[in-house]
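We have chain F already, so just place chain U on it with the hints.
If you read the protein sequences in the order shown, they are chains F and U. With the UniProt record's numbering applied, the first sequence covers 1 to 466. With the UniProt record's numbering applied, the second sequence covers 1 to 466.
Take the hints with a grain of salt, since some may be wrong.
Pairs involving identical chains hold if they fit within one copy or between any two copies, as the list cannot separate such chains.
Claimed, not checked - Pairs of lysine-lysine residues, derived as DSS-like cross-links and limited to a Cα-Cα distance of at most 25 Å, are as follows:
{"no.": "1", "residue 1": "K377", "residue 2": "K314"}
{"no.": "2", "residue 1": "K280", "residue 2": "K140"}
{"no.": "3", "residue 1": "K140", "residue 2": "K314"}
{"no.": "4", "residue 1": "K377", "residue 2": "K280"}
{"no.": "5", "residue 1": "K342", "residue 2": "K280"}
{"no.": "6", "residue 1": "K337", "residue 2": "K314"}
{"no.": "7", "residue 1": "K238", "residue 2": "K252"}
{"no.": "8", "residue 1": "K172", "residue 2": "K252"}
{"no.": "9", "residue 1": "K140", "residue 2": "K172"}
{"no.": "10", "residue 1": "K337", "residue 2": "K172"}
{"no.": "11", "residue 1": "K349", "residue 2": "K252"}
{"no.": "12", "residue 1": "K349", "residue 2": "K337"}
{"no.": "13", "residue 1": "K377", "residue 2": "K172"}
{"no.": "14", "residue 1": "K252", "residue 2": "K140"}
{"no.": "15", "residue 1": "K376", "residue 2": "K337"}
{"no.": "16", "residue 1": "K280", "residue 2": "K390"}
Bear in mind the hints are in silico, worked out from the structure with no lab data behind them.
2 protein chains.
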Amino acid sequence: MILSGGTGTRLWPLSREGYPKQFWPLVSARTMLQETASRAAGPGFAPPMVVCNEAHRFLVAEQLRAADIADARILLEPAGRNSAPAIAAAALLQAAEDPEAVLWLMAADAAIADLPALHEALDRAVEAARAGLIVTFGMKPTVAETGYGYIEVGPALTGVAGVHSVARFVEKPSAQRAADFLAGRRHLWNSGMFVATAATLVAELRRHAPEVISSVEASLAAAQRDLGFVRLGAAAFKAAPAISIDYAVMEKTTLAAVVPADIGWSDLGSWAAMWDASAKDAGGNVAQGPVEMVDSEGCYVRSEGILTGIVGLKDTVVVTTEDAVLVMPRSRAQDVKLLVEKLRAAGRKEATEHRRIYRPWGHYEGLIQGDRFQVKKIQVRPGQKLSLQKHFHRAEHWVVVNGTAVVQRDAESHLLRENESIYLPLGCIHRLENPGMIPLTLIEVQSGAYLGEDDIVRIEDTYGRS
Amino acid sequence: MILSGGTGTRLWPLSREGYPKQFWPLVSARTMLQETASRAAGPGFAPPMVVCNEAHRFLVAEQLRAADIADARILLEPAGRNSAPAIAAAALLQAAEDPEAVLWLMAADAAIADLPALHEALDRAVEAARAGLIVTFGMKPTVAETGYGYIEVGPALTGVAGVHSVARFVEKPSAQRAADFLAGRRHLWNSGMFVATAATLVAELRRHAPEVISSVEASLAAAQRDLGFVRLGAAAFKAAPAISIDYAVMEKTTLAAVVPADIGWSDLGSWAAMWDASAKDAGGNVAQGPVEMVDSEGCYVRSEGILTGIVGLKDTVVVTTEDAVLVMPRSRAQDVKLLVEKLRAAGRKEATEHRRIYRPWGHYEGLIQGDRFQVKKIQVRPGQKLSLQKHFHRAEHWVVVNGTAVVQRDAESHLLRENESIYLPLGCIHRLENPGMIPLTLIEVQSGAYLGEDDIVRIEDTYGRS
Numbered sequence: 001m002i003l004s005g006g007t008g009t010r011l012w013p014l015s016r017e018g019y020p021k022q023f024w025p026l027v028s029a030r031t032m033l034q035e036t037a038s039r040a041a042g043p044g045f046a047p048p049m050v051v052c053n054e055a056h057r058f059l060v061a062e063q064l065r066a067a068d069i070a071d072a073r074i075l076l077e078p079a080g081r082n083s084a085p086a087i088a089a090a091a092l093l094q095a096a097e098d099p100e101a102v103l104w105l106m107a108a109d110a111a112i113a114d115l116p117a118l119h120e121a122l123d124r125a126v127e128a129a130r131a132g133l134i135v136t137f138g139m140k141p142t143v144a145e146t147g148y149g150y151i152e153v154g155p156a157l158t159g160v161a162g163v164h165s166v167a168r169f170v171e172k173p174s175a176q177r178a179a180d181f182l183a184g185r186r187h188l189w190n191s192g193m194f195v196a197t198a199a200t201l202v203a204e205l206r207r208h209a210p211e212v213i214s215s216v217e218a219s220l221a222a223a224q225r226d227l228g229f230v231r232l233g234a235a236a237f238k239a240a241p242a243i244s245i246d247y248a249v250m251e252k253t254t255l256a257a258v259v260p261a262d263i264g265w266s267d268l269g270s271w272a273a274m275w276d277a278s279a280k281d282a283g284g285n286v287a288q289g290p291v292e293m294v295d296s297e298g299c300y301v302r303s304e305g306i307l308t309g310i311v312g313l314k315d316t317v318v319v320t321t322e323d324a325v326l327v328m329p330r331s332r333a334q335d336v337k338l339l340v341e342k343l344r345a346a347g348r349k350e351a352t353e354h355r356r357i358y359r360p361w362g363h364y365e366g367l368i369q370g371d372r373f374q375v376k377k378i379q380v381r382p383g384q385k386l387s388l389q390k391h392f393h394r395a396e397h398w399v400v401v402n403g404t405a406v407v408q409r410d411a412e413s414h415l416l417r418e419n420e421s422i423y424l425p426l427g428c429i430h431r432l433e434n435p436g437m438i439p440l441t442l443i444e445v446q447s448g449a450y451l452g453e454d455d456i457v458r459i460e461d462t463y464g465r466s
Numbered sequence: 001m002i003l004s005g006g007t008g009t010r011l012w013p014l015s016r017e018g019y020p021k022q023f024w025p026l027v028s029a030r031t032m033l034q035e036t037a038s039r040a041a042g043p044g045f046a047p048p049m050v051v052c053n054e055a056h057r058f059l060v061a062e063q064l065r066a067a068d069i070a071d072a073r074i075l076l077e078p079a080g081r082n083s084a085p086a087i088a089a090a091a092l093l094q095a096a097e098d099p100e101a102v103l104w105l106m107a108a109d110a111a112i113a114d115l116p117a118l119h120e121a122l123d124r125a126v127e128a129a130r131a132g133l134i135v136t137f138g139m140k141p142t143v144a145e146t147g148y149g150y151i152e153v154g155p156a157l158t159g160v161a162g163v164h165s166v167a168r169f170v171e172k173p174s175a176q177r178a179a180d181f182l183a184g185r186r187h188l189w190n191s192g193m194f195v196a197t198a199a200t201l202v203a204e205l206r207r208h209a210p211e212v213i214s215s216v217e218a219s220l221a222a223a224q225r226d227l228g229f230v231r232l233g234a235a236a237f238k239a240a241p242a243i244s245i246d247y248a249v250m251e252k253t254t255l256a257a258v259v260p261a262d263i264g265w266s267d268l269g270s271w272a273a274m275w276d277a278s279a280k281d282a283g284g285n286v287a288q289g290p291v292e293m294v295d296s297e298g299c300y301v302r303s304e305g306i307l308t309g310i311v312g313l314k315d316t317v318v319v320t321t322e323d324a325v326l327v328m329p330r331s332r333a334q335d336v337k338l339l340v341e342k343l344r345a346a347g348r349k350e351a352t353e354h355r356r357i358y359r360p361w362g363h364y365e366g367l368i369q370g371d372r373f374q375v376k377k378i379q380v381r382p383g384q385k386l387s388l389q390k391h392f393h394r395a396e397h398w399v400v401v402n403g404t405a406v407v408q409r410d411a412e413s414h415l416l417r418e419n420e421s422i423y424l425p426l427g428c429i430h431r432l433e434n435p436g437m438i439p440l441t442l443i444e445v446q447s448g449a450y451l452g453e454d455d456i457v458r459i460e461d462t463y464g465r466s
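If we strip away everything but chain F, and leave its shape as in the complex, we get (with noise of 0.2 Å):
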């Protein structure tokens, strides 16, 4: 069960609320959604549940697709309420249908280098959660680090090889408890995993924290089943009291147990997170894409197509993406919140979303925006289509530059081959299909006094948005 509920704004500016961190390829060349669900793919796994954003879902579910995932369950959240409501819906739905499935939680956005570890610390809390208990992964830390929550480990138990009790939870440290632990060597950084029966889940849950589970109940008995999505009963989600896991269970439950493990974990939690997971060059320096470097040393430097150039720099982040740049010390990777912050108090789009606009059907990305005209590229998939509407103050002119479009105008329809371009005249009824087998790409030049995406009358769509 994949967690994909975070925005990732400290890994802004790529990750934004509207496209997190999730859904970004960061350590290769698959997303980390992909990523997350690959390690769950394969002989003994059911396929995945993932609990995401319901603003997310086509995302998911196009990502998943992409990686051949097959027969993914989509849990669709009315609202974030913190994990521990998320959670009680996959329990809940798994118990339904077999209370003693082993479920494995897992948040969408963390790396795991060592797939082979893994594996081999999932199988031993595999065997302890068949035994009754909800078991944690715990990870030796390398650093005095004070933005993670630690588990202080407990006395080996009897009956499985590798799985401690656990003596405490503790919540982030101050600097110098992080350094003690560090010290210490008796507590481990808690990396959000957990496996557990469904049984196990909804007992502790109904335990420990029963206004989440009888909420949750209910919202899934008011839920829909929509186009492959399960969509959570809103009013009954969002009565939930929004809390973790760790709060609600965990640090009240007598089952807790600990599997150590050295596999490679980084949450990718800043961007110096995601310097420390990365490989880099003799001067201790992470380039990413179009980047050239004099003189530097220790720096992450990524672009997502701009040119960028740095001299002379040490210790330094720059990431470029198409709209925005951010440059800081490593040293204050945890403050780009205060950035992001301060843009959203300034009403600046760039703070939550990404100029690519994701859809049902595809996307579109705005290219330039003039004085009564505005350029978009549109994508969408085979087989998708727009819904119907129409425009009261704008005209479009579409341009197929790849694959095939079918254009309803009116009572006519068109279809329009690469190189091939039609007139969509202001207030006529229109819809855009890809019929073909590959991507349809097209070029939209708007013409009009007011070019806002609200100017919108969806007459029919396949989406339910209409």
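The following block gives chain U in isolation, referenced to the frame of chain F:
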């Protein structure tokens, strides 16, 4: 007379060979060329003469026109040969008309904050020039700068108040020497401005740099008057030694004089100099464009459009253009050239060219390059027309978004208004013209297997390019 020959590499990525620093607004809403020309506009001044790279001719003409500088003469250098040949050309041209006219020579890319003080100094210089001297302007050093030439001030000249003889010119000194100069108070920065009569300049060039004067005389004899430009004869001009006026004349002549002047001069020779010359906030930061800062001091952050955020930086330069980002400590500002050299060696076009390309008729810029397509925004100035042309590998869709276009397509002529489009099939002969009174903007969508700029056959051209 304005020398517009520099490439301004140290202000990369804003300034590049294709569109260097003098054509950018750096200290005001006007470009440096416009600032410079405006200093010599008004009663008592003849229209300016500008010596520039042939590639920049339409840019110079357009910027002067936009600043209401009328009747400028524009001399085109077939190649850069440093300042002496350029000055020789201007002086010879002027001497042929009026040898006693006083020439004021200045670079197109320096800032001068105090115009009344400048004009006061100029009055003194003109008086001394009429007496047969070649007058320089000496700026009081504020730091031990090693990037400038220095003038050791000699005794005051009798006859003209505030004009001194020159004891010696000193090229860029060592750090130690620069510190001595700053302490000793007898050395001034050489601002690179000169005042002398045409006759004096020609005579001294003939005396001290006879090869310069003879080559330039030959290039003037071979010059072509072309669309209002004076195009110097290429072979002869290229035969002139590439030498600065300082080496060629000033260090040898007995006629050198200096007017010490406090005019708020800066050569804007690096991003550190830009920081020096700009207004700062309470933290000593300069922010230009969409910039957001958290907890930073002494920084210069400039963006041409992409949101640029910094956190916790000190004395750092960040410059963002639409296709390149530069980050460095302010103290390393001179080393931008190392980065530009590296980029040039790597064949990155961002080293020398901007995304926006200037043409005699206006400009264009690429919005996106994709698989077998690209999109450009094209702007044509009122009354201008592109060449009559055809392409072998691409078809084009044009959508007019502002203004009016006349499009010739094979035997037909079409008038297109805002929100109208036309299709130009592969191989058709076509021409675009702006017949109107406002700029014409159109979006061009190209489609084809090869989309290089060199797939163009020019059949006829207003600007001599066919």
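To see whether the hints hold, each was checked on the structure:
1. K377 with K314: This pair counts as neither: shortest intra-copy Cα distance 38 Å, inter-copy 39 Å.
2. K280 with K140: So K280 and K140 pass the 25 Å test inside one copy only (22 Å; across, 47 Å).
3. K140 with K314: neither (28 Å within a copy, 35 Å between copies)
4. K377 with K280: neither (35 Å within a copy, 40 Å between copies)
5. K342 with K280: between (32 Å within a copy, 20 Å between copies)
6. K337 with K314: Result: close both inside a copy and across copies, 22 Å intra and 19 Å inter.
7. K238 with K252: within (24 Å within a copy, 86 Å between copies)
8. K172 with K252: within (17 Å within a copy, 74 Å between copies)
9. K140 with K172: Answer is within; shortest intra-copy Cα gap is 15 Å, inter-copy 57 Å.
10. K337 with K172: within (17 Å within a copy, 46 Å between copies)
11. K349 with K252: Result: close neither inside a copy nor across copies, 41 Å intra and 61 Å inter.
12. K349 with K337: within (15 Å within a copy, 35 Å between copies)
13. K377 with K172: For K377 and K172, the Cα distance exceeds 25 Å both inside one copy (44 Å) and across copies (52 Å).
14. K252 with K140: within (23 Å within a copy, 74 Å between copies)
15. K376 with K337: neither (30 Å within a copy, 36 Å between copies)
16. K280 with K390: For K280 and K390, the Cα distance exceeds 25 Å both inside one copy (52 Å) and across copies (49 Å).
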